[in-house]
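Asker: Sequence:
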Amino acid sequence: MRFNTIICSYLFFSLLSFNGLALLSSEFSHTFSQVFPLLAQDGKIYDIFCLILLGVVLLIICCNSLRISVKARVLSKTFLTFVLLIVFIVVSCLSILFYHICAKILFHYTLSNDNFLESQKIPNLIEWHEYYTSIDFVVALICGLGFIVLPLCYKMFRLHIDIQNHLGKSLFIFKPRLTSTTIALTASAFHPYFSNISSHYINIIFLCSGACLLLYSLQSKKTYGFYEYANMILFAMSILLFLLCGKVMLRADFYNAQLSFYLLAILCWCGEWIENYDILHNKITDKLI
Numbered sequence: 001m002r003f004n005t006i007i008c009s010y011l012f013f014s015l016l017s018f019n020g021l022a023l024l025s026s027e028f029s030h031t032f033s034q035v036f037p038l039l040a041q042d043g044k045i046y047d048i049f050c051l052i053l054l055g056v057v058l059l060i061i062c063c064n065s066l067r068i069s070v071k072a073r074v075l076s077k078t079f080l081t082f083v084l085l086i087v088f089i090v091v092s093c094l095s096i097l098f099y100h101i102c103a104k105i106l107f108h109y110t111l112s113n114d115n116f117l118e119s120q121k122i123p124n125l126i127e128w129h130e131y132y133t134s135i136d137f138v139v140a141l142i143c144g145l146g147f148i149v150l151p152l153c154y155k156m157f158r159l160h161i162d163i164q165n166h167l168g169k170s171l172f173i174f175k176p177r178l179t180s181t182t183i184a185l186t187a188s189a190f191h192p193y194f195s196n197i198s199s200h201y202i203n204i205i206f207l208c209s210g211a212c213l214l215l216y217s218l219q220s221k222k223t224y225g226f227y228e229y230a231n232m233i234l235f236a237m238s239i240l241l242f243l244l245c246g247k248v249m250l251r252a253d254f255y256n257a258q259l260s261f262y263l264l265a266i267l268c269w270c271g272e273w274i275e276n277y278d279i280l281h282n283k284i285t286d287k288l289i
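Following the working numbering, the numbering of the sequence shown begins with 1 at its first residue and continues without gaps.
These are calculated hints, taken from the structure and not from any lab test. Cβ atoms here follow ideal geometry from the backbone N, Cα and C, with glycine treated the same way. It cannot be assumed that every hint is accurate.
Said to hold, decoys possible - Taking lysine-lysine and the PhoX-like style, the derived pairs with C-alpha atoms no more than 20 Å apart in a straight line are: (1) K71 to K283; (2) K71 to K222; (3) K104 to K44; (4) K155 to K222.
Unchecked claim - Listed next, with one range per pair, are the computed distances between beta-carbon atoms: (5) S29 to G168: 15 to 25 Å; (6) I284 to L243: 24 to 34 Å; (7) F157 to S29: 27 to 37 Å; (8) C63 to Y201: 30 to 40 Å; (9) A236 to A103: 53 to 63 Å; (10) I161 to I45: 50 to 60 Å; (11) Y229 to I142: 37 to 47 Å; (12) L66 to F194: 40 to 50 Å; (13) G225 to K71: 38 to 48 Å.
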């Protein structure tokens, strides 16, 4: 379904444009120097964005799971069990994240103005152990491995999922495509590079390894669509943007903005399940014929 790729590409462009305007105005305009730091505060616009995206993600998961369950009746019950088990794990993780964001919004709206300002996180002041035990680190790690490293290694080594067994069929359905990988790469790029903050190394590792793997995968004979190439160009432009605006990020809780990109990648990935299932079904049908 190219529809999913088109919609997510436009959402990606809109989110990147919004962040670009906020960062550039804060970096180069004295009058609007506090725009991005204010937007990135806990309980503000980015948390609301994330909450909306999470709600849409959970709705898409329910719809796609139901559609796959109806379509998969012709396949074995073991395959359907694997699919529903993976869906349950994904929904459980997203529900925890949903609760975390809701609690953060409610907590900061119940604070007084003085306590609210004191509670804001500045990246320079976050200790290493605080970051590596936080939700932000867990999301970055899971999305970095699941959406960047593993899918691009799969493309680079030209591996093939064995769709003859039930686990292979399930993995084929949940395989991230290039659009969700590119958005996740942009999320990893959303970071002040010339700094020594707690999250520096994990983001740099995923960004550099992902960019190298992506460039290598482009050398293959496979051609991609217009939106895939457009998203890769936006990703390259975003790196320049984030390099220019590193100082602004250090003055703000940019993790909230980064999380919105990760959630958009998850939304795109969930929308890809039906397309992957249709491809899987066609492959199985062709082999039977």
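Asker: Hint by hint, say whether it matches the structure.
Answerer: For each hint, the structure was consulted:
1. K71 to K283: The hint holds at about 15 Å.
2. K71 to K222: The given pair, whose Cα atoms are some 29 Å apart, is violated under the 20 Å limit.
3. K104 to K44: Judged against 20 Å, a Cα distance of about 10 Å means the pair holds.
4. K155 to K222: 10 Å, holds
5. S29 to G168: 15 to 25 Å: 53 Å, violated
6. I284 to L243: 24 to 34 Å: 46 Å, violated
7. F157 to S29: 27 to 37 Å: 47 Å, violated
8. C63 to Y201: 30 to 40 Å: Given about 38 Å between the Cβ atoms, the range holds.
9. A236 to A103: 53 to 63 Å: 36 Å, violated
10. I161 to I45: 50 to 60 Å: Once the Cβ atoms are compared, 39 Å apart, the range 50 to 60 Å for I45 and I161 is violated.
11. Y229 to I142: 37 to 47 Å: 27 Å, violated
12. L66 to F194: 40 to 50 Å: 48 Å, holds
13. G225 to K71: 38 to 48 Å: Between G225 and K71, where Cβ atoms are some 24 Å apart, the hint is violated.
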